[in-house]
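Trainee: Residues per chain, in single letters:
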Amino acid sequence: MAEVFVLVEHRRGELRDITFEMLSGCRDLAKNLNASITAVLLGKNIDNFVEQLKSWADKILVVEDDKLENFNAEAYQRVLSHLIKERKPILTLIGHTSFGMDLAPALAAELGIPLATDCIGFELQDGRLVAIRQMYGGKVNARISFKTAPYMATIRSAAFKAEEPGLSAEVEKAPSPLTEEITTKRFLEYVEAAVGEVDITQAERIVAVGRGVGDYSDEKVRSIIEELANELGAVIACSRPIVDKGWLPKDRQVGTSGKTVKPKLYLALGISGAFQHVAGMSASETIVAVNKDPKAPIFTVADYGIVDDLFKVVPVLTEKVREAKGGS
Amino acid sequence: METIDGESFGEKYDLFVCLQCGKCTGSCPLSMRSQLSPRKHVREALLFDNEVVLDKEFLWDCTTCATCRLRCPRDLQPVEVIIGMRSILIEEAKVPATVQEALESTFKNGNPWGRAPSKRDEWAAELSLKSASEGAEYLYYVGCTPAYDPRVQNVAKSLVRVFKAAGVDFAILGNEEKCCGNEIRRMGEVGLFEMLMEDNVEIFENYGVERIVTSSPHCYNVFKNEYEGLKAEVFHYTQLLCEKLDNGLLKLTKELKKKVIYQDPCFLGKQNKIFEEPRKLISSIPGVELLEYDREKERSVCCEGGGGRMWAEATATGERTAETRVKEAVALGAEIIAVACPFCMLTFEDAVKMTGYEGKIEVKDISELLVEAIE
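Respectively, the protein sequence lines represent chains A and B. Everything in the first sequence is counted per my numbering, starting at 7 for the first residue and increasing by one. Everything in the second sequence is counted per my numbering, starting at 90 for the first residue and increasing by one.
Excised from the complex, chain B in its bound form (with noise of 0.2 Å):
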């Protein structure tokens, strides 16, 4: 079978060295609610030729999380074979049409969720924020979510909220912010992908940014390991502020007597192996007592939000995983659960509600938990 640049998937992911030990589908939170199987797919991708991937609507239920990555003992990724197989979907137009609609928008618009790019800043209209042209030590990227969706929009100005009671000295770029891409790869649409990296990079390059902080852990992937030609060093919110805790520039006073559960966003832990700091952020708060699933860190569930799942439903049915996540968490006595994820907030945001556990425990990002400690 061959990609959309002409290797075979063979050669082009190396799978020849596959043991077809199972452990990526073992570990794949999707497998046991969809015919996606990461083994399956790695070996039909060595064997069989193009039709093998037509009309298979479950490669949309992949999140790309990449615990298969993460499992697998010849350090292949299955991931990237699914990402692929999306690829020649995507040239074939064999795409949902909700995927189709995001793509649409991310060309036209600079971000997947068809809201008009003169909109992007509204959410900072009365907060009076430097602007990239003044220059800053921090480029805050926002991002489409944290910016568009009125729910996560409370995650960006705590964060700025937090920034400034920290004394970041940081800027944003406004409505000349677009997509960072990270979702957009994955939905296997690598021509647009790459369009946004330049576009980013020089945007970046123009304003001379040294140093970017991010709300969501998928743009900082996408940054930090993918993008080429990018000079700036990228952090994740939760790294900064932690550093900002350290240098006792971050003082966490007001006491906050609950017990809160954190769940690792894959594009920050598995991912990127983040685990410590967020923890730290929350237990750093006078009175939290911090609790932990039983899966935790390289072992935590998917919230299902990710590789273009925000878009997609495709094929999966059965409990998500956030509701199972919520269940979780409501029997180890939670009372908040701690996200550091836009679609960590909005999956499991939903998922409270699917289980009727309204009033009972909430969702908050870090940031908004930061907030209520400072003020």
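Same shape as in the complex, but just chain A (with noise of 0.2 Å):
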């Protein structure tokens, strides 16, 4: 029967999320292709990987080796190409996060594979597997064919769901290809991102104050923007007076002269909306703005907008977001 692997993702003793969700959603793909679907384990002291794994996959295929205690694409590399060549498997899925970039395409290569990055989804057509994967920022999705098998892909995270099948793993250790030592790339340590430090761009939901909110530093006036953010599972932003009264990092100012965000939803609280604000905001998916102002020009951008009191909207949102969660 022919294998997918999926090569398991750990970090600092955690299984990552796009473990399971690559596990959970090739499973119709492999069920198509005919395919059993094996977790490849690499790794040191990796016990309760397996146990963790077992009810996500038909096999467990383990190696371990001291030199696998860290990701290292290089020692990653040889490992995987020892196994795919000598198990064939007709699919092979890492994850697109910065181990599977690091790692995807030099093992693509050296195989002679074909490689398609950041997939979404699968699909067959005529047997022959065609991956979907977006273009554009995001704007189309594209199929990509492949010519041949084997395949390999790397999945965005989150594209899938992690859904357990309930399955019973047979677990295989395999002796570790690793006798050489690895020179050309070693591990470190790791650096953790300093606190606070949030990339506005990459957030999906956004609630961004103005000038309209007066004293930002004001224990008061934060704490209730931060509950309604804190409800919504957003991120702060602001435009460029709050930046220059100090009361936000510059990071997070949006604008021509600040970063430019597309988020699904950008609630903008006591922003008059100052062409140079709205241009590094306006692709935003859902506009939501309130302000005091019927004539402020963020409402010609937003796609709801809300004319009054931020003060007395901004509590009435997070109770009802609270509601709508179904919490109490």
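Since the hints were derived computationally from the structure, they do not count as laboratory data. Just to be clear, a hint being listed does not mean it is correct.
Chain B side only, calculated, beta carbon under 8 Å to chain A, not exhaustive [stated by the list, open to error]:
no.	residue
1	T187
2	R240
3	A401
4	L435
5	D439
6	M443
Note that the Cβ used here is the ideal one computed from N, Cα and C, for glycine as well.
Using the hints, put the two standalone chains together into the complex.
Mentor: So, in structure tokens, the structure goes:
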């Protein structure tokens, strides 16, 4: 029976979500390819991962080696190319993460296997694999067909839902093919992103504040806004005056002299909507604006507008979001 | 240190005669709030190698107001040294992302605001203006900001009304109009600037343009002083309208009982010595009392909107100059700050919000004041 390889991604003692998303997301495809799913687990002291993965795959293929303790693309590449040559899986899936982006292209090139990156879905057409990936900043979906099997693909995070299938995997331990030292790349350390650093360009939901919030250094004001942001799972961004006042760091500024964002939801609170701000957020999917002034230009780009004092509106919004989420 | 065209900075800008008197840094509106120091950069350009430029993010603080050039007793051009250093940063791709986006958009769309060229003439949709192909005495060169920014579009619309009232025969280029490149050159993108210049000169030639009138002092400056091969005469709108006022063609009849203070745009005042025309227009409006800043005309203070600063925050901290100016205007009892430049309009409107004087003082372009006086 053919096999689909799914590379297990883990970091600092924890399995990454992408692993479960891939294992669950490729089930239908594997069935149509008439293949079983093998979770390929590389690492050191990884028995607890084996336990966690048992219900997610048909088989777990484990390679343990001291050299695999931390992710190293070179070590991973050597082990995987050995396993793929030996077992010839029809498809190998790797997360489109910083690990996967480091590993997959070199591995595909070494093995001469076609690679589609950052995929969000798959189809079979006349028995051939077709991958779906996005182009032009997510505006179009492109279908990419592979010439010949075997295939390799990297999968975008959160493209698939992780649903536990309740399997019971067979566990196979393979000897490590790593005989030589890894010399070109060395793992040094994990560097944590500084606390509080947020990349607003990656946010799905943004609560943006402008001069209309008044004094944003005021604890009360801040907590009202932050509460709403928390309920929405949104990050806080702002227009230039808020940065000028030193109330939020520069990396939170949206606009032509700040950042360009396009979240699914952009909630503009007390932002009048100067062109220089709007240019940085008008591509957002849904824009909701709250402003006292009905003539504020922000309403010309907003999908929904509320003309009122934001301090009256925001607590109600927070409450409604909480209700909608089914909380108390 | 070598400039991008191979000469050393010292040779290219004749820096060997610099006295290091420091008048340039002393007059720089940003040197108090940034590491920007024209005197130091001139010295470093003479003494050290290329590495002196690298990692100087504060070079993007310069507004290219050119006060340094005005004050230099040796007629040197510290502002050009800074622009030259930016060119090296551009070559090294050490550019703030926002500047890069503005430059890219100018290359692709013909404007730094990231807007489609096909929407450039939307502001004039209902005005039924002559297009350049029909020919006219003046080409009204609108400029990117008045064409696209909804606030500044009102300046373009007001100008059209005043032009019509004064009987000015004018046409526009519509969607064929492209960025003038004044800010592009000042952001150090020499290649892109030259491309824009060649394109624009060709467009003007094709339509046989003999006179150009601009909304913005920035466009005026680059056409007047920096375009090679441009045969047309260039006017800022305040010059043209002042002439119409003198000829009795522009009649200002309606009263506007306001105290108005005028902000000299650097590219009109300091750099092109046009001080009187804007003042004459304002003070000819019946009822207006024209106030003056203590620091006016050649001593005026930049609004911080020039030299690419609309697309770069750079490193300067503390109170923006436009805020200082708004506070000064309020203290002098002004009710309106009159501007004659799109960037002054935007920086001052922001500053009014920041200082909390909304409702107390307004920012208006001279063209907007004139509209009130003719209708």
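Trainee: Each hint: holds or not?
Mentor: A quick look at each hint next to the structure:
1. T187: At about 5 Å, which falls below the 8 Å cut-off, the nearest Cβ of chain A leaves the hint on T187 of chain B intact, so it holds.
2. R240: 7 Å, holds
3. A401: At 6 Å from the nearest chain A Cβ, A401 of chain B passes the 8 Å test, so the hint holds.
4. L435: Hint on L435 of chain B: holds, closest Cβ of chain A at ~7 Å, below 8 Å.
5. D439: Check passed: Cβ of D439 of chain B comes within 7 Å of chain A, closer than 8 Å.
6. M443: With Cβ-Cβ at 5 Å, under 8 Å, it holds.
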